[in-house]
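There are 2 protein chains.
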Amino acid sequence: MFQINENYLKLKAGYLFPEIGRRVAAFSDAHPDAQIIKLGIGDVTEPLPAAVVAGMHAAVDELASRDSFHGYGPEQGYAFLRDPIAEQDYQARGVNVSADEIFVSDGSKCDTGNILDILGANNSIAITDPVYPVYVDTNVMAGHTGEADDAGRYDKLVYLPVTADNNFVAELPTSPVDIIYLCYPNNPTGTVATKETLQKWVDYAREHGSLIMFDAAYEAFVSDPSLPRSIYEVDGARECAIEFRSFSKNIGFTGVRCAFTVVPKDLKATASCGTEVSLHQLWNRRQSTKFNGASYVVQKGAAAAYTPEGRAQMKSLIDFYMTNAKLLREGLEAVGITVYGGEHAPYVWLQTPDGMGSWDFFDRLLDKGHLVGTPGSGFGAAGEGYFRLSAFNSRENVETAIERFKSVVS
Amino acid sequence: MFQINENYLKLKAGYLFPEIGRRVAAFSDAHPDAQIIKLGIGDVTEPLPAAVVAGMHAAVDELASRDSFHGYGPEQGYAFLRDPIAEQDYQARGVNVSADEIFVSDGSKCDTGNILDILGANNSIAITDPVYPVYVDTNVMAGHTGEADDAGRYDKLVYLPVTADNNFVAELPTSPVDIIYLCYPNNPTGTVATKETLQKWVDYAREHGSLIMFDAAYEAFVSDPSLPRSIYEVDGARECAIEFRSFSKNIGFTGVRCAFTVVPKDLKATASCGTEVSLHQLWNRRQSTKFNGASYVVQKGAAAAYTPEGRAQMKSLIDFYMTNAKLLREGLEAVGITVYGGEHAPYVWLQTPDGMGSWDFFDRLLDKGHLVGTPGSGFGAAGEGYFRLSAFNSRENVETAIERFKSVVS
Chain B
1 MFQINENYLK LKAGYLFPEI GRRVAAFSDA HPDAQIIKLG IGDVTEPLPA
51 AVVAGMHAAV DELASRDSFH GYGPEQGYAF LRDPIAEQDY QARGVNVSAD
101 EIFVSDGSKC DTGNILDILG ANNSIAITDP VYPVYVDTNV MAGHTGEADD
151 AGRYDKLVYL PVTADNNFVA ELPTSPVDII YLCYPNNPTG TVATKETLQK
201 WVDYAREHGS LIMFDAAYEA FVSDPSLPRS IYEVDGAREC AIEFRSFSKN
251 IGFTGVRCAF TVVPKDLKAT ASCGTEVSLH QLWNRRQSTK FNGASYVVQK
301 GAAAAYTPEG RAQMKSLIDF YMTNAKLLRE GLEAVGITVY GGEHAPYVWL
351 QTPDGMGSWD FFDRLLDKGH LVGTPGSGFG AAGEGYFRLS AFNSRENVET
401 AIERFKSVVS
Chain Y
1 MFQINENYLK LKAGYLFPEI GRRVAAFSDA HPDAQIIKLG IGDVTEPLPA
51 AVVAGMHAAV DELASRDSFH GYGPEQGYAF LRDPIAEQDY QARGVNVSAD
101 EIFVSDGSKC DTGNILDILG ANNSIAITDP VYPVYVDTNV MAGHTGEADD
151 AGRYDKLVYL PVTADNNFVA ELPTSPVDII YLCYPNNPTG TVATKETLQK
201 WVDYAREHGS LIMFDAAYEA FVSDPSLPRS IYEVDGAREC AIEFRSFSKN
251 IGFTGVRCAF TVVPKDLKAT ASCGTEVSLH QLWNRRQSTK FNGASYVVQK
301 GAAAAYTPEG RAQMKSLIDF YMTNAKLLRE GLEAVGITVY GGEHAPYVWL
351 QTPDGMGSWD FFDRLLDKGH LVGTPGSGFG AAGEGYFRLS AFNSRENVET
401 AIERFKSVVS
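Those protein sequence lines, which keep their order, are chains B and Y. Using my numbering, read the first sequence as starting at 1 and increasing by one per residue. Using my numbering, read the second sequence as starting at 1 and increasing by one per residue.
One thing to keep in mind: the hints can contain errors.
Same chains, same names: a pair is fine if it fits in one copy or spans any two.
Straight line, CA to CA, 25 Å or less: simulated BS3-like cross-link-like pairs of lysine-lysine [claimed, not checked]:
(1) 315 to 10
(2) 368 to 38
(3) 265 to 10
(4) 406 to 265
(5) 406 to 195
(6) 12 to 265
(7) 195 to 10
(8) 10 to 268
(9) 12 to 268
(10) 200 to 315
(11) 38 to 10
(12) 326 to 195
(13) 10 to 326
(14) 10 to 156
(15) 10 to 200
(16) 368 to 265
(17) 10 to 368
Keep in mind the hints are simulated off the structure, nothing from the lab. Fair warning: this is a prediction, and the values are worked out from it, not measured in the lab.
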């Protein structure tokens with residue numbers, strides 16, 4: 001009899017966003033006239049930049065003609081996209097990343113999950129708490145954890161709380177860990193890390209032989225030039241860190257699907273036989289064997305975002321969402337809510353009023369305000385008592401949401 | 001110190017097609033004027049059907065406007081694609097598959113690799129030999145095998161030879177196996193399975209509690225209506241088989257990226273605690289957690305292939321490639337080459353002349369004829385002495401290739 005991967009049976013309930021979807025659908029069925037505004041899942045709402053639209057149309061036309069048709073592309077991505085990524089996102093900022101260290105994919109969610117394919121089964125894993133649930137769930141599925149307790153904390157995972165108590169800066173682990181997930185600007189808290197904070201982590205990783213998984217999906221939202229946008233701005237990171245980036249939030253690709261992962265050639269591990277192994281080669285082998293490249297049309301669209309017009313349109317899009325974030329912050333603070341994030345990230349992280357539980361507040365906001373947010377506890381036990389609002393919406397919806405929010409909490 | 005997945009170190013050389021790519025690139029560098037014709041990798045060459053092109057353009061336009069914008073889609077695929085798949089590919093043929101059993105993805109290569117995520121670590125795996133290398137390599141990477149021997153056979157994998165000696169019909173395994181990979185129409189041999197052959201496998205699987213991975217990527221090329229196009233045409237298959245299908249070859253999506261996997265709700269396993277577990281639920285959880293859906297634009301393109309115009313254009317495309325296959329068969333037979341396949345599959349499988357080794361023949365064909373094919377041994381030890389030619393090319397290239405082939409082997 002064939003066996004299943006029983007680690008899946010350890011997973012708690014559904015993945016966070018499907019669970020939210022179920023509750024919203026149930027409310028909507030019961031109240032078909034309610035005009036629900038969704039600030040829950042971090043999903044973009046504004047149209048694609050015009051340059052990107054033009055790039056995708058042109059790519060479709062190429063595929064419509066034999067002479068310009070493209071079949072299988074390089075699994076790692078086309079040079080027309082990898083080159084401008086390396087030049088504009090890294091080299092122009094003085095960061096040492098080359099085009100062949102960039103692996104284009106169909107999404108960071110995929111990459112942050114799939115990266116575990118190339119890693120061993122017995123690594124100890126550290127995550128901040130609260131955290132993007134995909135890091136946790138994919139480690140559970142890969143058998144890197146034990147069972148969950150009642151608060152949803154899995155045995156063997158090392159949780160590093162980030163709360164108002166430590167100003168959302170995690171302490172270094174007290175016992176050595178092998179793999180550390182960091183996300184800055186942070187999802188869900190919207191907070192950022194200074195170069196000094198990242199340097200502390202890189203130094204830790206190099207001292208302990210740890211690997212840092214650095215999720216920079218929201219780097220485009222950093223507006224303070226003194227803040228790092230890549231972990232490779234920090235000395236020694238090329239020897240200990242993988243960086244994940246996405247086109248989902250900066251050019252609105254949540255439905256179009258494109259991302260990339262940087263695996264530096266300096267990143268090495270030692271196999272049990274003593275052989276030095278390049279993670280770049282391992283990931284290249286993984287992607288060549290289990291992936292066939294992102295869609296040609298999609299890559300052409302992403303590449304168009306690196307043209308001068310594309311850059312300008314992307315900046316407008318980011319500015320638009322960041323103005324939303326600013327309005328949310330200010331609107332909530334005006335009614336006495338304590339708010340974090342939202343300055344260099346499209347998420348506002350608030351303390352629930354009167355110490356309400358996160359899911360209770362979710363239900364109250366949905367019921368009384370027809371507003372959807374994300375319960376902090378859905379991101380981890382230390383997120384209990386917090387709540388995330390996404391700035392991805394129309395201006396009108398954001399303004400309406402603020403008014404409704406005020407009436408719910410007042 | 002973090003550890004890597006050392007199973008990767010067991011992998012022999014590169015994945016087959018990158019290795020071919022390297023040899024062709026080296027030849028091309030040395031002979032820059034050579035007009036190389038590639039019949040190696042099964043990559044399509046003809047433009048996308050017009051209906052599909054129109055569907056993709058319309059989708060891009062939708063994303064260019066706020067009112068019709070789509071962000072994150074369902075991880076399982078949109079109903080506008082799952083519904084016609086279920087209706088036209090299955091129900092219209094009297095096959096019981098419902099839309100919610102269909103998981104749309106960005107490729108069958110991904111799906112056939114990723115499916116191992118939901119399966120246990122100790123299953124015994126059977127593959128036909130020769131076989132699509134991804135089945136083997138992904139099992140090696142997942143630790144389901146031992147080391148490879150000199151012929152490239154991995155310890156613990158059960159190899160079921162398919163050669164001219166058994167008319168390319170594999171014998172049932174002599175000791176029980178848990179997972180069986182079957183691909184019909186077959187890659188690489190181009191041969192097909194009758195309903196009786198599939199029934200034999202389904203009966204075996206049900207008797208032994210085995211899971212069949214049925215790769216139907218080439219089903220559109222079946223022209224004999226008495227031959228099965230889905231394993232679910234066979235009694236009992238819903239209880240023991242997962243089916244993989246692709247848009248790569250029927251509508252030319254190798255670069256566009258779309259496929260789907262059918263996981264029937266009747267497919268159950270028993271966990272070690274005795275609980276019955278639905279594989280449909282496991283795969284749904286895997287896809288929800290590690291995947292974010294295929295690109296909206298791509299899914300709209302695939303859906304357009306289910307319109308009447310799309311159907312007709314797809315049929316023309318398939319007819320075109322199958323005429324290529326027929327020409328290849330006849331051309332090779334005319335110079336005394338023994339040829340298999342190519343009647344219900346876009347691949348022609350030939351015996352190398354004079355018992356030459358597969359890679360030797362590869363090098364000779366490249367060197368003397370500037371032709372690229374795929375060495376049979378690249379698909380497994382039992383493929384030694386065979387060679388695969390792909391029918392995916394322009395008519396002109398196919399006709400030129402036949403003439404060159406004749407001059408090389410004459």
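- Structure-inconsistent hints, enumerated in ascending order: Violated: hints 1, 4, 5, 7, 10, 11, 13, 15, 16 and 17.
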